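Student: Got chain A sorted already, so can you dock chains B, C and D onto it with the hints?
Chains as they are written, first to last, in the numbering used here: chain A, 1 to 140; chain B, 1 to 140; chain C, 1 to 140; chain D, 1 to 140.
Because the hints were derived from the structure by calculation, they are not lab data.
If you're wondering where the values come from, they're calculated on a predicted model, not measured in any experiment.
Take every hint as true, because none was put in to throw you off.
Same chains, same names: a pair is fine if it fits in one copy or spans any two.
In the SDA-like style, the derived pairs of lysine to any residue whose C-alpha atoms are separated by at most 25 Å in a straight line are:
no., residue 1, residue 2
1, Lys70, Gly109
2, Lys51, Val78
3, Lys51, Val4
4, Lys51, Thr90
5, Lys51, Arg13
6, Lys51, Leu84
7, Lys51, Ala85
8, Lys51, Asn5
9, Lys70, Gly27
10, Lys51, Ala21
11, Lys51, Arg6
12, Lys70, Ala92
13, Lys51, His73
14, Lys70, Leu133
15, Lys51, Met1
16, Lys51, Gly108
Protein chains: 4
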Amino acid sequence: MISVNRLSIEDARTLIEGARAKADEIGVPMCIAVTDDSGNMIAFERMNGGKAHSILVAQDKAFTAGAARKATHEYNAVNTPGNLAFGIHTEAGGHISTVGGGLPVLVGGECLGGIGASSGSPQQDMDVSQAGLDHFLTSL
Amino acid sequence: MISVNRLSIEDARTLIEGARAKADEIGVPMCIAVTDDSGNMIAFERMNGGKAHSILVAQDKAFTAGAARKATHEYNAVNTPGNLAFGIHTEAGGHISTVGGGLPVLVGGECLGGIGASSGSPQQDMDVSQAGLDHFLTSL
Amino acid sequence: MISVNRLSIEDARTLIEGARAKADEIGVPMCIAVTDDSGNMIAFERMNGGKAHSILVAQDKAFTAGAARKATHEYNAVNTPGNLAFGIHTEAGGHISTVGGGLPVLVGGECLGGIGASSGSPQQDMDVSQAGLDHFLTSL
Amino acid sequence: MISVNRLSIEDARTLIEGARAKADEIGVPMCIAVTDDSGNMIAFERMNGGKAHSILVAQDKAFTAGAARKATHEYNAVNTPGNLAFGIHTEAGGHISTVGGGLPVLVGGECLGGIGASSGSPQQDMDVSQAGLDHFLTSL
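With the rest of the complex left out, here is chain A (with noise of 0.2 Å):
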């Protein structure tokens, strides 16, 4: 047996809290997703106004972080032709997102889930997720 630690409902609400004061502070409203270290989601909100095939993306991006550990855009910076990791973002029946957004959770070095926005461009997406990472974290 092995244990591991996830997110709780209430720290999705947190990080999903601090997603949407920046989104609103920009005025995009957005899809925000939150998962738990395996992927799997725990918590979701479309903002009035987040754009429909923002909710798979968000989805994805957050499973994608969560899961991986690892920024979607780090995956970005590496999914190019001729590096070896190229192609990854049709993965895993396509779930794998190499779009700017999706941040891993990381307290204290373990991976407790994951954090994906979509609606605004890439980089929008990654402030609205770093802001919701940054409140979470503050709160602890």
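Tutor: Same frame as chain A, now just chains B, C and D:
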């Protein structure tokens, strides 16, 4: 041009809040999803202890109820061999659920979305979704 | 943050070892899968002669049992036309199995994962999974 | 009638054993999959700490290597825009992997199956698969 009404994220949170209270009361942590009138997800919460397979089941129930404007237990009643509706549960990529626990959110005869709960027995899931719906309707 | 317990790879090997011994005894080579509490695979073996379609069936049984914390034959019993659970077998992308042969791995009331066997009759698959579970529980 | 040779479950265990030893040595817990000459899975292990998304990635690498009789890093080299092989990574339902870490198991010029590893960098995954292959070939 036509105009449609749908649940807001605030409405979705109210629906989940009511469902969660019932799930707490009966001691069965649940996955709870809320969709709009197109069956697209607005909000989702997996309570601590909610089952992993229920993440998708709750979404399918809410999708079915919101998009079809029909409770999943009503589909269940006609999804019997020999009935002309039999087999409906594998349509739409298998996303149509005929398992009890999904309810349309009807206001003034208009369907604004759907709520789906999963992790208990179908009857428990129905009770939890109903509690969410009641809580929402009372809040109006 | 919440903490959950799950099977280790060593546990998974013990489960498979017990299942394999039973499959050898009855002379039916099987596919045997073990998942964690989220339904994610930990280990898999296709015995020499195990059937090709069973590769996925065994995984779906183990996914269902581990994630839903319920034996697949228990789902089978309620997956009948007219029952409110009817149609559950096509949910979660069709990965929920209601064919006998998947068992949750419960230790002290806690579900640590699931085991699924496939290639024989459902009863043979159930016997093989049960033998794996018994072997594991005895080893604790 | 034709006769084909393929890896046995005993061979698959030997391949995984060698891969696991290398993963332990470099301190990166991995998901390791072994398939036969048809790309169908024979054995799989997720080491304690192996990443959740790698469960499917390792399988896709082993599928690709075993069925195509080609290392995934060789596909990677030709999966570049302008090359006639470009886009191969989304074929076969997205199961063809062009990420380094999948190797065919060739004995006497004949492909008996494939091995795939995932959770590290592509180079680490390649090293782990190669170690599994070397260990197996030495054991013959």
